[in-house]
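K.L.:
Each chain, letter by letter, is given below.
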Amino acid sequence: MGYKNKNRHVGIVGIGETKFSSHREDVNQPEMIHEAVRQALDDAGLGIDDIDCVVHGNMELFEMVHQPDMWHTLGTGAYGKSAFRLTTGGTTGGTLVSGADNLVASGMYDVVMAVGFQKLQEGHTTGGITNMADPLWARKLQSGALTAQAAVKVIAEFGEERARRAAMTYRIIMDKHACKNPNAHRAFHLEWDQIDDLMAHSPPLIGDLRLIHMCSQSDGACAIIFAEEKKARKISEKPVWVRDHITVHREETLNLANNYYPIDTTHRFAAEKLYERNGIDNPLEYFDVFEMYDPSAWWGLDWLRDFFLLEGDAHIRMVENREIMIDGKMPINPSGGVISTNPIGATAMIRVAEAAKQIRGDAGEHQVPGNVEHGLASSFGGTMWTVLTMLEKETNW
Amino acid sequence: MQKDDFSNSYVVEGKLALPYTYFAGRLGSTFLTTLRDQARIMGVRCDKCGKVFLPPRQTCERCLEDIRDKWVALESTGVVVNFTVVRQQDKHLPRKTPYVLGMIKLDGADTPIVHIIEGVDPDKISEGMRVKAIFAPESEPSILLINHFEPAA
Numbered sequence: 000m001g002y003k004n005k006n007r008h009v010g011i012v013g014i015g016e017t018k019f020s021s022h023r024e025d026v027n028q029p030e031m032i033h034e035a036v037r038q039a040l041d042d043a044g045l046g047i048d049d050i051d052c053v054v055h056g057n058m059e060l061f062e063m064v065h066q067p068d069m070w071h072t073l074g075t076g077a078y079g080k081s082a083f084r085l086t087t088g089g090t091t092g093g094t095l096v097s098g099a100d101n102l103v104a105s106g107m108y109d110v111v112m113a114v115g116f117q118k119l120q121e122g123h124t125t126g127g128i129t130n131m132a133d134p135l136w137a138r139k140l141q142s143g144a145l146t147a148q149a150a151v152k153v154i155a156e157f158g159e160e161r162a163r164r165a166a167m168t169y170r171i172i173m174d175k176h177a178c179k180n181p182n183a184h185r186a187f188h189l190e191w192d193q194i195d196d197l198m199a200h201s202p203p204l205i206g207d208l209r210l211i212h213m214c215s216q217s218d219g220a221c222a223i224i225f226a227e228e229k230k231a232r233k234i235s236e237k238p239v240w241v242r243d244h245i246t247v248h249r250e251e252t253l254n255l256a257n258n259y260y261p262i263d264t265t266h267r268f269a270a271e272k273l274y275e276r277n278g279i280d281n282p283l284e285y286f287d288v289f290e291m292y293d294p295s296a297w298w299g300l301d302w303l304r305d306f307f308l309l310e311g312d313a314h315i316r317m318v319e320n321r322e323i324m325i326d327g328k329m330p331i332n333p334s335g336g337v338i339s340t341n342p343i344g345a346t347a348m349i350r351v352a353e354a355a356k357q358i359r360g361d362a363g364e365h366q367v368p369g370n371v372e373h374g375l376a377s378s379f380g381g382t383m384w385t386v387l388t389m390l391e392k393e394t395n396w
Numbered sequence: 000m001q002k003d004d005f006s007n008s009y010v011v012e013g014k015l016a017l018p019y020t021y022f023a024g025r026l027g028s029t030f031l032t033t034l035r036d037q038a039r040i041m042g043v044r045c046d047k048c049g050k051v052f053l054p055p056r057q058t059c060e061r062c063l064e065d066i067r068d069k070w071v072a073l074e075s076t077g078v079v080v081n082f083t084v085v086r087q088q089d090k091h092l093p094r095k096t097p098y099v100l101g102m103i104k105l106d107g108a109d110t111p112i113v114h115i116i117e118g119v120d121p122d123k124i125s126e127g128m129r130v131k132a133i134f135a136p137e138s139e140p141s142i143l144l145i146n147h148f149e150p151a152a
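Protein sequence lines, in the order shown, are assigned to chains V and S.
Using numbering that gives the first Met the number 0, you'd call the opening residue of the first sequence number 0 and step up by one each time.
Using numbering that gives the first Met the number 0, you'd call the opening residue of the second sequence number 0 and step up by one each time.
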């Protein structure tokens with residue numbers, strides 16, 4: 000794997016998130032980005048002169064802008080600084096965190112600001128996303144990001160009634176969390192007694208994937224400032240440490256059924272490797288919060304099994320018993336997750352930002368009760384890509 | 000195999016539509032409506048470094064100060080700081096060639112904008128030439144609310 004321990008500790012010292020919305024006609028792209036950048040700088044108590052390097056990313060082509068990192072310097076403050084652009088589709092936000100972490104850990108820069116954004120209202124996502132398929136083998140066959148594949152799988156294994164009810168339970172839990180997060184895009188105030196009605200009447204998109212299951216198209220930005228340990232302790236009273244991160248990519252369409260790679264999902268493969276090299280035997284016991292990139296309720300439900308290395312129906316029971324609620328045994332997405340808010344290039348970064356806020360203990364109304372020491376954040380991109388990031392309150396690992 | 004042998008080399012034909020919208024933002028919108036309704040060109044000043052920016056922007060690129068409310072009215076006259084002569088005709092161009100595209104620094108601004116310069120022989124254009132804005136009252140809200148620049152006394 001070529002993995003080595005980090006050269007030095009890297010701490011998150013500043014976090015900024017815009018309010019997420021599908022109506023940001025009031026700002027252009029650099030202006031919107033700047034809202035998150037300003038918030039992150041203020042959160043860290045830093046000025047732009049304190050930032051050594053800016054890492055910028057979004058989902059390519061979604062705003063039809065060429066070299067957005069250059070154009071957005073007015074918002075990011077990258078003028079005259081070292082700057083990089085990273086773009087890996089849906090995982091972009093996680094890759095931004097990985098990249099910034101690596102840049103600081105390597106010793107190249109002491110303080111790095113990562114900025115992820117998306118302004119989906121301006122662009123044409125299907126036009127952009129169609130580009131990801133191989134022009135010869137797949138482009139004329141593929142659909143976009145909407146798929147009922149997870150629904151088919153969960154229903155086949157657990158039966159229609161149990162699967163549909165569990166997926167809708169997951170959905171309502173996420174909405175209840177979103178209602179606590181003032182930055183969340185969609186918060187419907189759904190109630191438990193709406194489950195049957197939603198299962199029957201939410202407009203179907205594809206197969207068993209209904210409108211209510213699916214994430215929104217959001218506009219917004221997220222900025223996180225990373226610093227090496229000495230500076231991090233000086234800058235922040237409660238820096239959050241990036242312990243480790245892992246990236247697993249695969250072209251699912253072509254490589255799913257060959258024998259060259261393990262046929263585990265990239266989520267499970269990433270989780271296994273990450274926990275193994277960090278000596279974590281029981282992730283459910285270890286982590287205090289998990290911010291998952293869950294683009295639909297079906298995926299969120301199904302992926303719990305992969306991320307926590309569960310077997311059988313353990314993940315279904317976690318949802319049925321509402322253990323994934325903010326005050327449950329394993330709080331998942333106290334922010335409301337991706338179903339409520341999905342500004343793609345920022346989305347995976349928001350997972351890390353939100354997990355870090357939980358560890359700092361200042362997430363506000365959606366703060367997980369009790370001490371949060373160990374956080375996990377996942378990123379997802381098409382066709383099946385995973386970035387998994389571990390955050391810690393202390394550097395005692 | 001010969002280097003120029005392309006037999007049995009299939010080329011996949013494709014075409015992608017790239018529709019988009021772009022939000023000018025409140026700052027850019029104020030610039031456009033002032034230009035449209037009052038035929039005035041507005042820049043913004045950074046109090047920290049003193050630079051006056053045109054087009055206006057929310058933040059100073061150097062200081063990162065928030066300058067969105069620091070409007071200053073600029074003259075509609077200025078000086079050509081750079082230019083090029085467009086000679087190759089193409090259907091998307093806004094004028095029949097040859098015509099002049101200039102970088103024009105308006106009086107009171109520190110940064111130039113790009114615009115069309117008319118009323119001068121393309122071979123006679125020069126840096127330092129004084130020009131003035133000619134407004135286009137019926138235009139859509141865009142930078143073409145200024146129709147063009149032309150030589151000023």
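Misleading hints may appear alongside valid ones.
Restricting the straight-line Cα-Cα distance to at most 25 angstroms, the calculated cross-link-like pairs of lysine-lysine (BS3-like) are [what the hints assert, rightly or not]:
hint	chain 1	residue 1	chain 2	residue 2
1	V	Lys80	V	Lys179
2	V	Lys80	S	Lys47
3	V	Lys229	V	Lys392
4	V	Lys139	S	Lys50
5	S	Lys50	V	Lys80
Just so you have them, the derived chain S footprint on chain V, three or more residues with Cβ under 8 angstroms [to be verified]:
hint	segment
6	119-125
7	155-163
8	220-229
9	299-308
For the record, the hints were derived by calculation from the structure and aren't laboratory data.
The beta-carbon is built from N, C-alpha and C at its ideal position, and this holds for glycine as well.
K.L.:
Run every hint past the structure and note whether it holds.
P.N.:
How the hints compare with the structure:
no.	hint	verdict
1	V/Lys80 with V/Lys179	violated, 37 angstroms
2	V/Lys80 with S/Lys47	holds, 19 angstroms
3	V/Lys229 with V/Lys392	holds, 15 angstroms
4	V/Lys139 with S/Lys50	violated, 52 angstroms
5	S/Lys50 with V/Lys80	holds, 20 angstroms
6	119-125	holds (count 4)
7	155-163	violated (count 0)
8	220-229	violated (count 0)
9	299-308	violated (count 0)
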